[in-house]
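Go by the hints and put chain Z onto chain F.
Protein chains in written order, with the working numbering: chain F, 14 to 188; chain Z, 53 to 231.
Hints in this document: simulated from the structure, not taken from any laboratory.
There could be a bad hint or two in this list.
Claimed, not checked - Distance windows between CB atoms, simulated:
no., chain 1, residue 1, chain 2, residue 2, range
1, F, N48, Z, E85, 17 to 27 Å
2, F, E132, Z, D95, 39 to 49 Å
3, F, K93, Z, G115, 41 to 51 Å
4, Z, D120, F, R131, 34 to 44 Å
5, F, E185, Z, G115, 32 to 42 Å
6, F, V32, Z, T188, 35 to 45 Å
C-beta: ideal position from N, C-alpha, C; glycine also.
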Amino acid sequence: MGVNWKVLAVGLALTVPLVATLATGFGKQVKAVSNNLEGREAPVFTMEVLGERDQTVDLGDLRGKPVVLNFWATWCQPCKIEHPHLIKAAQDYSKRGVTFYGVLYSDEPDNAARFLKREGQPFPVLYDPAQRVAIDYGVTGVPETFVIDRDGRIVHKFNGPLSYMALAEVLEPLL
Amino acid sequence: MIPLLMLMLAVSAPVFAEDGGSRSASEAAPLDEPPAGPPLSGDEATQEARRIASGLRCPVCQGLSVADSNADAARAMKSRIDELVTQGYTEEQIVDYFVDRYGEFVRLEPEAEGMNLVLWLLPGGLVLGGLGWLLTSGRRREDEPGPDAAPPEPAEASADPHRAAVLADVGPPPIGGRA
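Next up, chain Z with everything else stripped away, as it sits in the complex:
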């Protein structure tokens, strides 16, 4: 599956390049800020663009990343990412650009801030809390008498009025019998 995707990406790369060439037909404004990184090219650019595209949600799909979708909108976004990567824009700048346009939902993984922090921290917190509970309850059980300890002294026979009444009728239990 992955090699197939890579092959598709490699085959489609020249198409993206053509899209970039048709800039006279439609030209968007450059990003507000200059590229923060060095311009990338070749395999490095392809890999970086694919990595960034895997973290962005295809806006017209259901839970698919831009990298994994073949929808028209996703292909256009991929080509835009390619272009920005080759210009030297960093992942942060490119993701910010898309979040600016499409809103937070374009991120496949929610950012770890605000209410989202609960989602990020709760699973780990639950595991730690559970472990702590197991440890402390295990220690408490060690303090209690284990199964090898002598059984507690039986309560005084007279403590149970019914038992006392029965014993009075039938006499004491035979030796070795069940008390």
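So that you can see chain F by itself, here it is in the shape it has in the complex:
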């Protein structure tokens, strides 16, 4: 029996694009976090420092210094895992001019105060009650950590818990 070239051509014309679209679509993780902001200017913010009612931090004032911005929560287990790494990194890199800030995400200030008292507080934690700043940074979960260079540009975003070594690797070239 001969091949019906017309049917074959029409069939291929229909199935090849469909399979290709589905293949690329299924290859992507639907919940994949976006690193859209990497390489772009960090959204500026003003946030209150937790436990210091009238003290605020303005990102614009931090130009000229590399900044590490760590979104976290006490209910988040991976945040507990990375906490010792952040303590060590803050110890080593604060001396070398890097500014560290935590941002409490979807959590109560009291919980944060208790957690930091127990586990140690390596750097000031900022309060973002309505998640305005979290939305501006496209935060989809915690922990997420943004590394901002001296010019106020986001050079790297860690999705999930970071390690001391991984953070050091990103910070070293900025110093």
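Relative to chain F, chain Z alone:
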């Protein structure tokens, strides 16, 4: 279900307003561009905000829109949308703002561009193609003899050697019998 959601939205609206009031604690930068539309208020603002929120994906949920989710992150996004709507930002500006932050996946419906066009056009194309095929094949069948047409002349008996051999043995079939 819908009235219940509306009620929940109405009840939660004052909470959003309070969130907006606590701006001294945390303040994000204004959007890069000025609002392109008129500031909305009251029911109009609530409806527009809800419509926009229904088109955005809640980033911490599975296939739920921001409007339909009660997750903390979704509530925060709703309150941000409310704020932007009352400032006069248009749907396009607000959706662009969220896509800018969260990536394309924040859209519940993929945009009709690039490879996504295939997804948008293929179903319609298949239906049209199928209809066209049905029509052309139907027309072709009309050209062919229908069931009422006279049956084709039987082939010459000698065309079938086996039939010829049998006929030679038993003689011609009786009248009215099956040939």
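Range hint 41 to 51 Å: satisfied by the CB atoms of K93 of chain F and G115 of chain Z? violated, 29 Å
Within 35 to 45 Å or not, the Cβ separation of V32 of chain F and T188 of chain Z? violated, 26 Å
Cβ separation of N48 of chain F and E85 of chain Z, checked against the hinted range 17 to 27 Å: Because 23 Å falls inside the window, the suggested range holds.
Between the beta carbons of D120 of chain Z and R131 of chain F, is the distance compatible with 34 to 44 Å? Since the Cβ atoms of D120 of chain Z and R131 of chain F sit about 37 Å apart, the hinted range of 34 to 44 Å holds.
Would you say the C-beta atoms of E185 of chain F and G115 of chain Z sit inside 32 to 42 Å of each other? Between E185 of chain F and G115 of chain Z, where Cβ atoms are some 41 Å apart, the hint holds.
Do the Cβ positions of E132 of chain F and D95 of chain Z conform to the proposed distance bound of 39 to 49 Å? holds, 48 Å
Checked against the numbered hints above, the structure breaks hints 3, 6 and satisfies the rest.
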